[in-house]
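**Student:** Residue numbers (this note's numbering), protein chains in the order written: chain A, 112 to 289; chain B, 54 to 721; chain C, -19 to 141.
FYI, nobody ran anything at the bench for these hints, they're computed from the structure.
Backbone N, C-alpha and C define an ideal beta-carbon position, used for all residues, glycine too.
It is possible that some hints are incorrect.
[Claimed, not checked] Once the Cα atoms are required to be at most 27 angstroms apart in a straight line, the calculated BS3-like pairs of lysine-lysine come out as:
(1) C:K78 x A:K149
(2) C:K44 x A:K149
(3) A:K215 x C:K29
(4) C:K29 x A:K212
(5) C:K135 x B:K169
(6) B:K436 x C:K29
(7) B:K436 x C:K125
(8) B:K690 x C:K135
(9) A:K137 x C:K78
(10) A:K212 x C:K44
(11) C:K125 x B:K252
(12) A:K215 x C:K44
(13) B:K530 x B:K690
[What the hints assert, rightly or not] Quick partial rundown of chain C residues pointing at chain B, CB under 10 angstroms, derived from the structure:
(14) E5
(15) F6
(16) R17
(17) A23
(18) M54
(19) S66
(20) V75
(21) W89
(22) A104
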Amino acid sequence: MRRVMLFVPLVVALVVGILLASGIGKDPSELESALIGKPVPEFNLENLREPGEMLDQSLFRGEVSLLNVWAEWCPACWDEHEDLMWLANEKGVRIIGLNYKDQKENAFRFLGRLGDPYQTIIFDPRGTLGFDLGVYGAPETFVIDARGVVLYRHVGVVNERVWEEILLPVMNQAKGNS
Amino acid sequence: MYPELGQLALIIALLLAVLLSVVPLAGAATGRDSLQAFARPLSTGMFVFTGLSFAVLTHAFMVDDFSVAYVANNSNSMLPWYYKFSAVWGGHEGSLLLWILMLAGWTLAVAVFSRKLPSTMVSQVLSVMGMICVGFFLFIIVTSNPFDRLLPNIPADGSDLNPLLQDIGLILHPPMLYMGYVGFSVAFAFAIAALINGKLDAAWARWSRPWTTVAWAFLTLGIALGSWWAYYELGWGGWWFWDPVENASLLPWLSGTALMHSLAVTEKRGVFKSWTVLLAIVTFSLSLLGAFLVRSGVLTSVHSFANDPERGTFLLALLGITVVASLTLYAFRAPVVHVRSRYGSLSREIFLLLNNVLLVAATMLVAIGTLYPLVLDYLNLGKLSIGEPFFNATFSPMAVAAGLLLGAGIFSRWKRTDGGWLARKLLWPLAVSVLATTAVMLVYGSFAPWAFAGVFTAVWVTMATVWDLWDKSASKKGRWYGLKRQSRSYYGMVLGHLGLAMVIAGATVVSNYGIERDVRMVPGGSAEVGDYTVVFNYIGERQGANFRAEYGEFDVFLDGKQVASLHPEKRHYPVGMSVMTEAAIDAGLFRDVFIAIGERISDEAWAIRLQYKPLVRWLWLGSLIMAIGGFLAISDKRYRIRVRSEAKDTASTGEASAAGSKAAEANA
Amino acid sequence: MRFMPVILAVLMVFALPAHAEAPPEFYDFDTQAEEQRFRNLIAELRCPKCQNQNIADSNAPISKDMRDQVYLMMQAGATNDEIVGSLVDRFGEFVKYKPPVDRRTIVLWAFPAIAVFGGLLIVAGVVLRSRGRDSNGPALSPEEKARVEQMLADKDQSSRS
Chain A
112 MRRVMLFVPL
122 VVALVVGILL
132 ASGIGKDPSE
142 LESALIGKPV
152 PEFNLENLRE
162 PGEMLDQSLF
172 RGEVSLLNVW
182 AEWCPACWDE
192 HEDLMWLANE
202 KGVRIIGLNY
212 KDQKENAFRF
222 LGRLGDPYQT
232 IIFDPRGTLG
242 FDLGVYGAPE
252 TFVIDARGVV
262 LYRHVGVVNE
272 RVWEEILLPV
282 MNQAKGNS
Chain B
54 MYPELGQLAL
64 IIALLLAVLL
74 SVVPLAGAAT
84 GRDSLQAFAR
94 PLSTGMFVFT
104 GLSFAVLTHA
114 FMVDDFSVAY
124 VANNSNSMLP
134 WYYKFSAVWG
144 GHEGSLLLWI
154 LMLAGWTLAV
164 AVFSRKLPST
174 MVSQVLSVMG
184 MICVGFFLFI
194 IVTSNPFDRL
204 LPNIPADGSD
214 LNPLLQDIGL
224 ILHPPMLYMG
234 YVGFSVAFAF
244 AIAALINGKL
254 DAAWARWSRP
264 WTTVAWAFLT
274 LGIALGSWWA
284 YYELGWGGWW
294 FWDPVENASL
304 LPWLSGTALM
314 HSLAVTEKRG
324 VFKSWTVLLA
334 IVTFSLSLLG
344 AFLVRSGVLT
354 SVHSFANDPE
364 RGTFLLALLG
374 ITVVASLTLY
384 AFRAPVVHVR
394 SRYGSLSREI
404 FLLLNNVLLV
414 AATMLVAIGT
424 LYPLVLDYLN
434 LGKLSIGEPF
444 FNATFSPMAV
454 AAGLLLGAGI
464 FSRWKRTDGG
474 WLARKLLWPL
484 AVSVLATTAV
494 MLVYGSFAPW
504 AFAGVFTAVW
514 VTMATVWDLW
524 DKSASKKGRW
534 YGLKRQSRSY
544 YGMVLGHLGL
554 AMVIAGATVV
564 SNYGIERDVR
574 MVPGGSAEVG
584 DYTVVFNYIG
594 ERQGANFRAE
604 YGEFDVFLDG
614 KQVASLHPEK
624 RHYPVGMSVM
634 TEAAIDAGLF
644 RDVFIAIGER
654 ISDEAWAIRL
664 QYKPLVRWLW
674 LGSLIMAIGG
684 FLAISDKRYR
694 IRVRSEAKDT
704 ASTGEASAAG
714 SKAAEANA
Chain C
-19 MRFMPVILAV
-9 LMVFALPAHA
1 EAPPEFYDFD
11 TQAEEQRFRN
21 LIAELRCPKC
31 QNQNIADSNA
41 PISKDMRDQV
51 YLMMQAGATN
61 DEIVGSLVDR
71 FGEFVKYKPP
81 VDRRTIVLWA
91 FPAIAVFGGL
101 LIVAGVVLRS
111 RGRDSNGPAL
121 SPEEKARVEQ
131 MLADKDQSSR
141 S
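Please model the complete structure; the sequences and the hints are all you need to start from.
**Tutor:** So, in structure tokens, the structure goes:
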């Protein structure tokens, strides 16, 4: 057995070390959406604000928008709502709301207290559209282009940093492409 | 005032560890006995101060000192006292302190039990252990101080220990596990010492063996306890999930088993030295890797402590320095000289080498399966999950192969085994194994290829072990004399292998023949699981120490006769606002009947999980027997012989002396 | 209750998404085999939100939704591949505990065979190389023997100190 073979374990250890180092600080439970590049799934759900009016996937055509999944029972949604108001009012971003597994009274109470940044709100009491979108925990925010195709999904709260570094570049690219 | 004493004690222990790393090593290098003489007192002092620190933390828990942040996060005034005690290691900082206490304890043990070793060797070993201690003391003092205070706003009460941890499992499992993990540091230290002083010989292997075996035995117990605890605590009847943290404990166990067997060859025949040293380094490195994986948050696991990048980085640095330094030393100093020895293709050396191949392959398999998601994520190739389906498909064949090899290898002889002779020896065990396995298939009512393979392997190992014992204990002076004549080391091996057979049997049977059902039941109704009928009598409520519980009464019948009355519960813990399912188990040597309450379906109906688990206890009984085998082996009188005879033995293992070595060779 | 599966199947034909009806409170099966199939499926699917649990053991709401989906699709006659596929389409490959066999994972799946085979080659090499060697080497000459004896006696002395 040559001396050089004895260095193999060391090399292997160094490679493993680099691998492990790369994993530190990353959140292993952050998943990329499986729908990137695919159109928003078909749905037929009620408009929260207009009882009886049904909405479907054509809602997203025509303009690049954010789809924000939220609910009154979700504590982090309370945290991020102020930032959504800022995005809608100051930055003029078109935000569609998906009220996920919630009750109408609670949803309205939430909006009454914190404000309403949404152009339209989809009422999804059983979470069926959420399920089809691969939502696994509110809040989540999707970037959807003018053709209704999903471009990106952010898990967790939206704040100024997330907007500047993550969502805005994706939206700009979408606008540039259309 | 008190908690700061604990911190101070740790700092003093750190200083002693630094001295321990340097002074005896310098003494060994320069041949100065006066410096080497510091090794034992420094080890003692380090242990005393670590123990003091641990005692201070324990005291803080027992008196509900919530000014200490760690106590406030892991305890509560309503917690029963025995859980307050085990809560000391319920979280990251405290469990790390337990780890360090064990490390100091093992260091002291080496100092105490190595009076017969050359003093240079002892000095070097203790210094290496001191270095490991320094690393961990720095880690705990700098990043994970258990004595941080919450002044001036002392909380009125603590956040409580996670209800899942309020169990005897927490009292037993981590201490046993850490004894194993940390115990492998001794084999590691011996290996490093041998690389430093260049005396890598059969004597080194002989000294390393008992330390390795006892660490392995503790790790076996620790893993078994974890499996048993998960089984009854989590309410799903599962006993192994191939979770990254579970895998992290399996890695040093597999590698440690290979090491144990490789040390046997090096001790007996003086060969495979470089390989054995590498295994010793790798095994302890895997222990450290395990510690890293649990505490860094790099992999998702139900068992991990809180994610903290700072701690992760520090621990990785510790791991990195230890592994890189030891492997570099290995690459430069391990012997490459070819030993002038010849082995037949069926010799015991080759069988043990094959054993090592399988065990190391299995270790690498588990490691790769656990870390592969990281690799793919690093290369931006997506986020994949690798779990039970993968490991069951790939690990089981290896376990079967290892078992089959074991049966044949037991009969093998050092240097050369005659193929024809071996085949004839194996004929009877083979025949009996086939018959017995078929009988088992008939008893359980169905044939499945993997069930057959697993049971056959277990029976095969048992048959071969018993056959070999029968062979060896044949004596003109009678069977009893022949049995008494075998060494404890041999019996240790016998128990080790029989225990393994039990584990394989248990795992195979419960996986293939176990029955799991979720049924809708109303009080007064009944359901079937396997041959058992379960009658749901009623649902009641009771108040526990720190919880309120809904419990159900279930009567279990077999062939019309009642065999058990079980009371599973759903416990509501007000402090943490959590709900826990407590399963009720009718335990038996050959089967468990397992009942857990699920969700309430309607006013009357509940979803009840019923399970029939044949031979599930064999998993843990087998592990216990394996561990007992390990402890038995190290009590062998060969480790207690005096200096004079030891010097003689050390001289004779180097040469292949014909006379008198046959008896020694016959023992594994 | 018995007609539920039939009603569901009929609805499946007409409904577009698989969500026309309320989620089942409890999973009823016609045969033991079907129950086992369900159990196997949910044991191999991962809860996307939990700390490494399959959807069988997890209490998370998303796990319940996924179990419902598995059940409903089973009742509608879907194959295992279709069921797993529908979940992967929504949540990604992450939710499968069995990694796919593709270019990325071929090393992973082939590893056991590679490792064991490689090990066997090494062992074969060890055996063959040892064959080329003489077992005990040339015998020691009387002077060499005396030297060895002297060295052993010295070692005896030093190890006692």
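**Student:** Straight-line Cα separation of A:K137 and C:K78 no greater than 27 angstroms?
**Tutor:** Between A:K137 and C:K78 the Cα gap is close to 23 angstroms, so the pair holds against 27 angstroms.
**Student:** Is A:K215 close enough to C:K29, meaning Cα to Cα at most 27 angstroms?
**Tutor:** holds, 26 angstroms
**Student:** Have a go at the C:W89 hint: is there a Cβ in chain B nearer than 10 angstroms to its own Cβ?
**Tutor:** Interface hint status for C:W89: holds (8 angstroms vs cutoff 10 angstroms).
**Student:** Taking 10 angstroms as the limit, does the beta-carbon of C:A104 come near enough to a beta-carbon in chain B?
**Tutor:** holds, 8 angstroms
**Student:** Taken at face value, is the distance from the CA of A:K212 to the CA of C:K29 at most 27 angstroms?
**Tutor:** holds, 17 angstroms
**Student:** With a cut-off of 27 angstroms on the C-alpha distance, tell me whether B:K436 and C:K29 pass.
**Tutor:** holds, 14 angstroms
**Student:** Please check whether C:F6 passes as an interface residue: C-beta within 10 angstroms of a C-beta belonging to chain B.
**Tutor:** holds, 5 angstroms
**Student:** Within a Cα-Cα threshold of 27 angstroms, do C:K44 and A:K149 meet the stated pairing?
**Tutor:** holds, 25 angstroms
**Student:** With chain B as the partner, please determine if C:E5 meets the hint condition of a C-beta pair closer than 10 angstroms.
**Tutor:** holds, 5 angstroms
**Student:** Mind checking the alpha carbons of B:K530 and B:K690 for me, to see if they're no more than 27 angstroms apart?
**Tutor:** holds, 22 angstroms
**Student:** Holds or violated: C:K78 with A:K149, Cα cutoff 27 angstroms?
**Tutor:** Given that 27 angstroms is the threshold and the Cα spacing comes to 25 angstroms, the pair holds.
**Student:** So if I understand the rule, the pair passes when the alpha-carbon distance is 27 angstroms or less; does A:K215 with C:K44 pass?
**Tutor:** holds, 22 angstroms
The earlier numbered hints that this structure contradicts are 7, 16, 18, 19.
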